[in-house]
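Going down the list, the sequences are from chains A and B.
Residues in the first sequence are numbered from 355 upward in steps of one, following my numbering.
Residues in the second sequence are numbered from 355 upward in steps of one, following my numbering.
None of these hints come from the bench; they were simulated from the model.
Being a predicted model, the structure only gives us computed values, none of them experimental.
Treat the hints loosely; a few may be bogus.
The calculated DSS-like cross-link candidates involving lysine-lysine, where the alpha carbons are at most 27 Å apart (straight line), are [what the hints assert, rightly or not]:
#	chain 1	residue 1	chain 2	residue 2
1	A	K421	B	K421
2	A	K452	A	K522
3	A	K416	B	K457
4	B	K400	B	K452
5	B	K400	B	K457
6	B	K547	B	K400
7	A	K522	A	K400
8	B	K421	B	K457
9	A	K452	B	K452
10	A	K416	B	K452
11	A	K416	B	K521
12	A	K421	B	K416
13	A	K457	A	K521
14	A	K457	A	K522
15	A	K452	A	K547
16	B	K452	B	K513
17	A	K457	A	K416
18	A	K457	A	K400
The following residues of chain B were derived to be distant from chain A, with all beta-carbon distances above 10 Å [unchecked claim]:
#	residue
19	E401
20	T410
21	R424
22	F430
23	N439
24	K445
25	Y446
26	I470
27	Q479
28	G481
29	A510
30	E518
31	R528
32	L544
33	Y545
Each residue gets a CB set at the ideal place from its N, CA and C atoms; glycine is no exception.
There are 2 protein chains.
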Amino acid sequence: MIRYPNGVEGQVLPKKAEKTNLKNAANRGMGLEADINNANAYYNEKEVALITKRPTPINIVKVDYTKGARITDAYFEHQSTTDYNGIYRGKYLDFEAKSTRSKTSFPLGNISVHQIAHLRRVLQQGGIAFFIICFSVIDEYYAIDARYVIDCFENAARKSITLETIKKVGCSIRQGFTPRLYYLEAVDQLYFK
Amino acid sequence: MIRYPNGVEGQVLPKKAEKTNLKNAANRGMGLEADINNANAYYNEKEVALITKRPTPINIVKVDYTKGARITDAYFEHQSTTDYNGIYRGKYLDFEAKSTRSKTSFPLGNISVHQIAHLRRVLQQGGIAFFIICFSVIDEYYAIDARYVIDCFENAARKSITLETIKKVGCSIRQGFTPRLYYLEAVDQLYFK
């Protein structure tokens with residue numbers, strides 16, 4: 355799946371969403387990435403944390419200098435790291451966010467070998483590494499420690515993690531209006547208790 | 355100045371450079387960004403640290419889906435953060451690398467207001483924030499704490515920092531072949547003594 359860079363640091367909700375109180379109706383279409391960017395902008399502004407999205411890497415083939423360095427041919431590359439990292443409570447944080455339409459389990463095929471390798475290195479260095487998993491159809495979000503996911507990725511016979519297991523091992527993420535996802539509450543629950 | 359994304363995480367030296375021992379001749383042309391990517395790949399492989407370059411953000415105007423999502427119109431955006439972040443000795447690290455052709459001072463006009471704001475937030479959160487400054491003509495490299503640079507950026511009458519001052523306040527970076535820049539030695543000197 356190719357993800358387009360539809361969110362940047364400091365992004366705010368569009369005007370339309372600000373005007374309505376129907377949070378789900380207004381925001382559901384924005385997608386997981388926009389929701390997390392929105393949460394990061396909120397946490398950043400409140401000085402709770404500093405977490406940024408790495409831009410989507412793009413391989414540039416041709417640049418037209420006659421138009422002031424306009425890119426005329428390029429293609430999307432796979433991120434060799436995760437999408438998000440930053441600092442929270444003085445600790446280095448690194449995570450990947452994934453969405454599934456399944457109502458019962460999260461398929462591990464969504465995760466690349468590079469991302470697993472990256473998160474393993476984060477853990478080696480003493481950082482906090484986790485996944486945010488969105489079950490889009492049932493509108494539920496969870497944070498789950500990367501150690502567990504890495505273990506399943508490499509050892510489990512089943513190539514998915516059931517929602518039931520995620521509920522046990524991970525932590526549910528509270529939803530709201532601003533921010534859409536209080537995902538650092540789940541991080542507190544998992545790592546700072 | 356527009357920088358093109360000529361380096362990715364895990365990048366290795368080109369074959370040509372591997373074959374020669376004339377380190378300066380072989381590497382000088384590669385530029386500061388490539389040197390730092392090379393150092394990061396080295397530190398990453400040795401499991402000393404995990405530091406990555408954020409990809410250059412690109413604003414996409416048009417994508418041709420008939421060619422398998424080929425980007426046909428786009429332009430470079432300014433990074434609203436710094437170029438590098440990661441984890442070292444369990445601490446969050448964030449820095450920007452700048453090069454100057456001056457032999458006597460580093461002009462602060464090189465640094466954007468966004469980058470200063472970003473580094474201030476890193477410090478607020480208890481992270482390590484610094485600059486790597488390359489004096490390309492005299493082939494000298496320094497690490498200097500972001501606090502000092504932010505202070506100069508906002509308060510100083512002179513809009514540059516003299517090399518003399520950088521030598522006093524910062525720390526010289528040892529150069530080698532692999533990696534080209536032992537910049538974490540300077541970080542040790544500045545923050546872990």
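Each hint tested on the structure:
1. A/K421 <-> B/K421: Measuring from Cα to Cα gives roughly 23 Å; hence the hint holds.
2. A/K452 <-> A/K522: 18 Å, holds
3. A/K416 <-> B/K457: It is violated: about 34 Å lies between the C-alpha atoms, which goes past 27 Å.
4. B/K400 <-> B/K452: Measuring from Cα to Cα gives roughly 25 Å; hence the hint holds.
5. B/K400 <-> B/K457: Judged against 27 Å, a Cα distance of about 34 Å means the pair is violated.
6. B/K547 <-> B/K400: OK: B/K547 and B/K400 at ~22 Å, within 27 Å.
7. A/K522 <-> A/K400: 31 Å, violated
8. B/K421 <-> B/K457: With Cα atoms ~48 Å apart, B/K421 and B/K457 exceed 27 Å; violated.
9. A/K452 <-> B/K452: This hinted pair is violated, its Cα atoms lying about 35 Å apart.
10. A/K416 <-> B/K452: 26 Å, holds
11. A/K416 <-> B/K521: 41 Å, violated
12. A/K421 <-> B/K416: Measuring from Cα to Cα gives roughly 15 Å; hence the hint holds.
13. A/K457 <-> A/K521: 13 Å, holds
14. A/K457 <-> A/K522: 16 Å, holds
15. A/K452 <-> A/K547: Holds, at about 25 Å.
16. B/K452 <-> B/K513: 15 Å, holds
17. A/K457 <-> A/K416: 43 Å, violated
18. A/K457 <-> A/K400: 34 Å, violated
19. E401: 6 Å, violated
20. T410: 7 Å, violated
21. R424: 6 Å, violated
22. F430: 6 Å, violated
23. N439: 7 Å, violated
24. K445: The claim is violated: B/K445 sits with its nearest Cβ about 7 Å from chain A, within 10 Å.
25. Y446: 4 Å, violated
26. I470: Per Cβ check, B/I470 is outside 10 Å of chain A; nearest 14 Å; holds.
27. Q479: 4 Å, violated
28. G481: Given a closest Cβ separation of 5 Å, the condition is violated.
29. A510: For B/A510, whose nearest Cβ neighbour in chain A is about 26 Å away, the distance exceeds 10 Å, so it holds.
30. E518: About 33 Å separates B/E518 from the closest Cβ of chain A, which puts it past 10 Å; holds.
31. R528: 22 Å, holds
32. L544: Correct as stated: the minimum Cβ-Cβ distance to chain A is 18 Å, above 10 Å.
33. Y545: 14 Å, holds
Hints 3, 5, 7, 8, 9, 11, 17, 18, 19, 20, 21, 22, 23, 24, 25, 27, 28 from the earlier list are contradicted by this structure; the remaining hints agree with it.
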